[in-house]
Amino acid sequence: MRSFRLPLLLIIIGVAAIAFIVYQLAPRSTVTVPDTGGTYVEGVAGAPQYINPLLCQLHDEDRDLCSLAFTGLTRFTETGEVVPDIATTWSISEDGITYTFKMRQDAKWQDGSPITADDVVFTAKLLQDPGFPGRQDIGALWQSIKVIKVDNYTVRFQLSQPLAPFLDFTTIGLLPQHILTGTKASELTNLPYNLQPVGDGPWRVVEVNTNGNRVSSIALEPSANYYGPKPNLSRLIFRYYPNVQAAFDAYRAGDVDGFGNLSLADVKRAEGRDDLTIYSATKARYTSLFINLRKDSGAIALMDKSVRQALMLAIDRDKLVRDVLGGEAVVADTPFIPGTWAYHSGVKHYPYDPTLATQLLRDAGYELATVAPSNVSVWQKNGEPIAFTLLTQDDPTRRTVAEAIAKQWRDLGVQVSVQPVRNLVRDFLSSRQFQVALVDSLVDGDPDPYPIWHRSQIAPPGQNYTGFDNADASNWLEAARMTTDRTLRFEYYRKFQELFADELPALPLYYPTYQYAISNRVKQVQLPPMMYPSDRLRTIGSWYINVKRVLASEATTQNKP
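Taking our numbering, I'd label the letters of the sequence shown as residues 2 to 562.
Think of the hints as simulated: they come from the structure by calculation, not from any bench.
Using N, Cα and C, we set each Cβ at its ideal position, and we do this for glycine too.
Not one of these hints is a red herring.
Here are the computed lysine-lysine pairs in the DSSO-like style, where the Cα-Cα straight-line distance is at most 30 Å:
#	residue 1	residue 2
1	185	150
2	349	408
3	231	524
4	126	103
5	296	349
6	349	306
Label pairs and their computed distance ranges (CB to CB):
#	residue 1	residue 2	range
7	190	552	51 to 57 Å
8	354	85	45 to 51 Å
9	522	228	28 to 34 Å
10	228	328	38 to 44 Å
11	191	521	39 to 45 Å
12	210	521	24 to 30 Å
13	457	503	17 to 23 Å
14	390	85	47 to 53 Å
15	521	328	19 to 25 Å
The task is simple: from the sequences and hints, build the whole structure.
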């Protein structure tokens with residue numbers, strides 16, 4: 002019988018060869034994924050002075066650069082929580098006074114030198130120096146702390162008393178001892194280092210251009226020595242302009258890819274462009290009307306809680322946000338920021354209800370009476386009208402907001418005049434010379450509102466400008482900053498927010514939003530909740546411009562655009 006083995010083998014080989022050829026020639030599924038490289042250029046209003054983490058808190062342009070070039074023991078998340086950065090872990094003693102930090106041993110300065118506890122101690126000593134030229138509240142806090150090097154990668158801080166917000170202060174970027182050794186705090190503002198920094202962050206400054214005494218542009222590139230993930234972009238350039246309008250003009254000329262801090266007018270101009278995307282995020286600040294609760298304010302009616310509640314009910318905040326602010330804000334009910342761990346959404350809400358406002362005033366003994374010579378009906382009690390001056394910072398948006406509120410109050414029957422001023426805090430709030438003031442308040446890191454609402458801060462130089470003197474509120478605020486138990490702190494802040502919403506030492510209006518415009522060629526831009534304008538750059542490591550095509554089987558969900 003003939004053997005069929007050889008022909009069968011040839012058939013198998015032939016089929017396999019044909020299958021291989023078909024597989025090679027057939028179209029295969031590919032996808033586009035982010036690739037490295039590309040330069041992002043941003044137009045910024047202003048100009049930096051100090052790329053130095055100890056000095057950058059006073060100017061947004063400085064903070065932008067420090068957020069990229071420097072990092073600290075810890076960092077903030079987008080919800081305002083403090084998490085490890087150069088520190089890997091920390092422990093807190095039972096009495097809340099001693100904090101011990103363990104540091105990463107793979108962290109390096111951008112020149113390749115290791116980051117050690119010596120750098121932490123060096124940085125802290127500069128902050129503690131009486132000649133420290135940065136923010137005085139930061140310097141005062143550090144002067145009360147003992148800093149101890151335990152070993153090369155362990156550092157300990159001993160506080161004079163428990164202070165839950167202390168972790169905020171460990172987010173400050175570090176300075177390199179091996180470069181700045183011997184530097185005194187009083188010399189910090191004059192260092193060449195401030196524009197030629199060697200940092201420890203993901204981006205390093207590689208080029209600084211000036212026009213006279215003013216910085217005109219700064220370029221950064223990824224740091225080869227940073228321990229974290231590498232960004233997609235290969236270069237960042239910040240170009241500086243006198244204002245946002247000039248930065249917008251630079252975009253239209255093709256000189257920049259993006260610009261931020263848009264006003265309502267800027268947003269309207271940008272919305273018509275199909276090559277530009279506008280991103281929006283809630284700022285970690287709130288706008289409210291501070292009420293002077295003192296007898297000598299000249300507006301005695303404001304001391305009456307019923308009057309304050311009526312004033313609140315008479316403000317159509319939804320209309321204010323929609324018509325005056327163009328939707329670029331969110332209505333506020335509490336001095337805590339939504340989305341952060343301390344925010345309590347269950348507080349008393351005041352809808353626009355002029356009928357209820359009228360009833361509250363009548364129940365409190367007020368009646369409408371005509372006031373000469375204007376012949377306008379105004380609420381009065383014992384011959385004293387509800388009349389006061391509303392102060393506002395002298396800029397177009399705030400003036401418009403103040404006038405809109407004043408009109409609604411006049412419609413209710415309240416006599417109010419609007420007075421724009423140049424320096425609201427220095428000239429009026431600090432001296433307590435105001436009746437009602439439109440105030441923009443920053444929630445700086447930890448939500449602790451002790452400095453603004455605790456009774457111990459009523460007298461200057463404290464910041465309790467309204468004179469809010471409530472024993473329960475002060476006790477809760479004091480207890481909240483004395484414990485590191487997050488659950489317990491929230492309970493104290495919940496009680497405070499509920500009492501605040503009832504007493505209304507200030508009338509919450511809205512949380513403003515930040516508007517950021519970026520060219521559509523820049524992909525995967527995400528704008529997280531913002532504590533500072535620099536937080537717009539928090540996710541810049543994942544942004545990309547360049548793309549490449551790869552087989553779908555080689556791509557992952559994470560790197561698909």
